[in-house]
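One line per chain: the protein sequences are A and B, in this order.
For reference, each letter of the first sequence is one residue, going 971 to 1055 in my numbering.
For reference, each letter of the second sequence is one residue, going 1203 to 1469 in my numbering.
Where hints are given, some of them may not hold.
For lysine to aspartate or glutamate, the following DMTMM-like pairs were computed, each having C-alpha atoms within a straight-line distance of at most 25 Å [what the hints assert, rightly or not]:
{"hint": "1", "chain 1": "A", "residue 1": "Lys982", "chain 2": "B", "residue 2": "Asp1311"}
{"hint": "2", "chain 1": "A", "residue 1": "Lys1012", "chain 2": "A", "residue 2": "Glu1026"}
{"hint": "3", "chain 1": "A", "residue 1": "Lys982", "chain 2": "B", "residue 2": "Asp1305"}
{"hint": "4", "chain 1": "B", "residue 1": "Lys1280", "chain 2": "B", "residue 2": "Glu1444"}
{"hint": "5", "chain 1": "B", "residue 1": "Lys1368", "chain 2": "A", "residue 2": "Asp1002"}
{"hint": "6", "chain 1": "B", "residue 1": "Lys1215", "chain 2": "A", "residue 2": "Asp999"}
{"hint": "7", "chain 1": "B", "residue 1": "Lys1282", "chain 2": "B", "residue 2": "Asp1305"}
{"hint": "8", "chain 1": "B", "residue 1": "Lys1207", "chain 2": "B", "residue 2": "Asp1318"}
{"hint": "9", "chain 1": "A", "residue 1": "Lys982", "chain 2": "B", "residue 2": "Glu1315"}
{"hint": "10", "chain 1": "B", "residue 1": "Lys1215", "chain 2": "A", "residue 2": "Asp1002"}
{"hint": "11", "chain 1": "B", "residue 1": "Lys1207", "chain 2": "B", "residue 2": "Glu1316"}
{"hint": "12", "chain 1": "B", "residue 1": "Lys1368", "chain 2": "A", "residue 2": "Glu1026"}
{"hint": "13", "chain 1": "A", "residue 1": "Lys982", "chain 2": "B", "residue 2": "Asp1393"}
{"hint": "14", "chain 1": "B", "residue 1": "Lys1275", "chain 2": "B", "residue 2": "Asp1305"}
{"hint": "15", "chain 1": "A", "residue 1": "Lys982", "chain 2": "B", "residue 2": "Glu1444"}
{"hint": "16", "chain 1": "B", "residue 1": "Lys1368", "chain 2": "A", "residue 2": "Glu1040"}
{"hint": "17", "chain 1": "B", "residue 1": "Lys1368", "chain 2": "B", "residue 2": "Asp1311"}
Where chain B lies over chain A, by a calculated footprint (3+ residues, C-beta under 8 Å) [said to hold, decoys possible]:
{"hint": "18", "stretch": "1018 to 1028"}
{"hint": "19", "stretch": "1042 to 1048"}
FYI, nobody ran anything at the bench for these hints, they're computed from the structure.
C-beta atoms are modelled at their ideal positions from N, C-alpha and C, and glycine is treated no differently.
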Amino acid sequence: MGWITKLFGDKKNSGSVAKSRLQMVLSHDRTDITPGMMAAIKDDIISVLAQHLSIEADQVEVNLDQSGTESRLVAHIPLPSTRRR
Amino acid sequence: MKLGKVITITSGKGGVGKTTLTANLSAALASIGRKVVAIDTDIGLRNLDVVMGLENRIVYDLVDVIEGRCRLKQAMIKDKRVNSLYMIPAAQTRDKMSISPTDMVLVCDQLREEMDYILIDSPAGIERGFQNALAPSDQVLIVTNPEVSAVRDADRIIGLVDAAEKGPAQLLVNRLKPEMVARGDMLSINDIVEILAVDVLGIIPEDESILISSNRGTPLTLDNGHMPRARIAVQNVARRIEGESVPFIDLTAREGLLSKVKGWFGG
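Only chain B is shown next, with the shape it has when bound in the complex (with noise of 0.2 Å):
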């Protein structure tokens, strides 16, 4: 039997790119030979299946399997496009007040039986919504982008972690414009960690590869060939979340040959 560990990914402010880091993140665990489930706790605004293209396949939801329509197995949507990659959809016409704290434990508690990780997309805010994704959480990874709004979120959100004794919580720095901040125009991850005094999980640069991806419905980290320096740094994630030590990758450098050469073996 496993014993597998509960990731909630959350931030406070919505669009930071909880739902992108959730599907890439979970689908880097997979392609590393990982059991993984990547749960949309977001109910009434579900995003976690289009994100990951899985959108035409959801027969039942999260809220059935809480309120007893069906097994929780059969909840669980399989990728085909990677071994052991699962994902549990939200429901799209019910609210947040669906599901209690207490719900989540008891799924993520049989849900550990046979995973490595169950990775929960919480929805944007502080309320019931936010504590579902808490509740079951073994470690709370907090996305912020490099501006003022959503770092002042993500110190509330820590705050909030600390107090329901889930902490403490890393961080997942997203949308980081390396240009930018060596113009002085962006704060640099120094001044977040400053300002923030936590721990940095990872640092993923603003990059448009993202961004086809969703469009696409196909996480970067399952676009196999396609070695943008965000994919690294979610992979990187993925290997620090096993619990090996990954230096973080250089974004000053110019993305050039070498250093996308450089960034497969080192970064």
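This is chain A alone, in the form it adopts within the complex (with noise of 0.2 Å):
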């Protein structure tokens, strides 16, 4: 398969590419944050949610979101799996 996807391309186009990229970039050249702030807020973030819920921490994620000029932070914290009680 990996020749056929060479062949005919499933890449992005660069233009989008450098589209995300700068969109990325940019949300934490504006708020200030790091990558390295960004991964030591997750951790924090299980590590309190994990004294009262039983979570998995490699499914949760926080990113940056950038929307016009206004950026939030948004954290994406999937529970398990839950049965009716």
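Bring the two chains, given one by one in their own frames, into a single complex with the hints.
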């Protein structure tokens, strides 16, 4: 399969790669939150939640989200599948 | 007495075309009858003089004016190819600290009395040179190219302009290659506007004739009889500065004779 994708190229156009890389780097530039701080924030969120809930740490995502000039922190924390009680 | 407008052309990143656009925009505004002076504030790395083809006529420079070695008038080189176009060169053997933002405000306040437009060619960077160029500004134009590094730096500059209460800045997107945008290999104008959230005042396509005009020291907007799209694009920026509402040229169309002719009328 590798050679097929190489031949026909399922790579994204470099223009859209440029756009998403820019959006990422600008969300960090504008908020002055480094990728290292993001990792630390994520670890802290996990440890706080773990005191109350059982969560799967490797499923947690914390991202900077940019729309227009507005930035927000978005945490995605899936809970383990719940049975009805 | 006139009350001229000070327009600062800046970018953050170097090499995006600030000086070339300052030269061409100044010439375009002078060509429609306005009194224009272009000031090179890149002390130590002057270049507006060579791009405009006025390098052999320099006697005094901006630092000479500020340090009182000459009168302002003596440092203004008059362009002989068009009425009412002047250029004040930067000093070549000094540095950015030779002038202060206050000096720039004083010089520009004097120029406002006689000129319609004072265009300031800012140095790259965000330090003293940029602060000097920004201080007297009424309108800030940020030059960028459709590439990641230039857009990132433009974002930083937009923030600094806002913080200095000189905003909102407007964007000049320079060196756009419509064929690359069409095949998805270049940031589009929409991408850039979405990311930076500012108004676009001009879109200038990549055009060999710009380099050729810099080689000769003849701004494209003074080279009569030659009408590439880049020239029309710059002239349109001049008209928009004048308050006219001018649609952007259709850069997706191939530059055949027909679209050239259309460009003369509608573009």
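Tell me the hint numbers this structure goes against, listed in increasing order. 1, 3, 7, 9, 12, 15, 18 and 19
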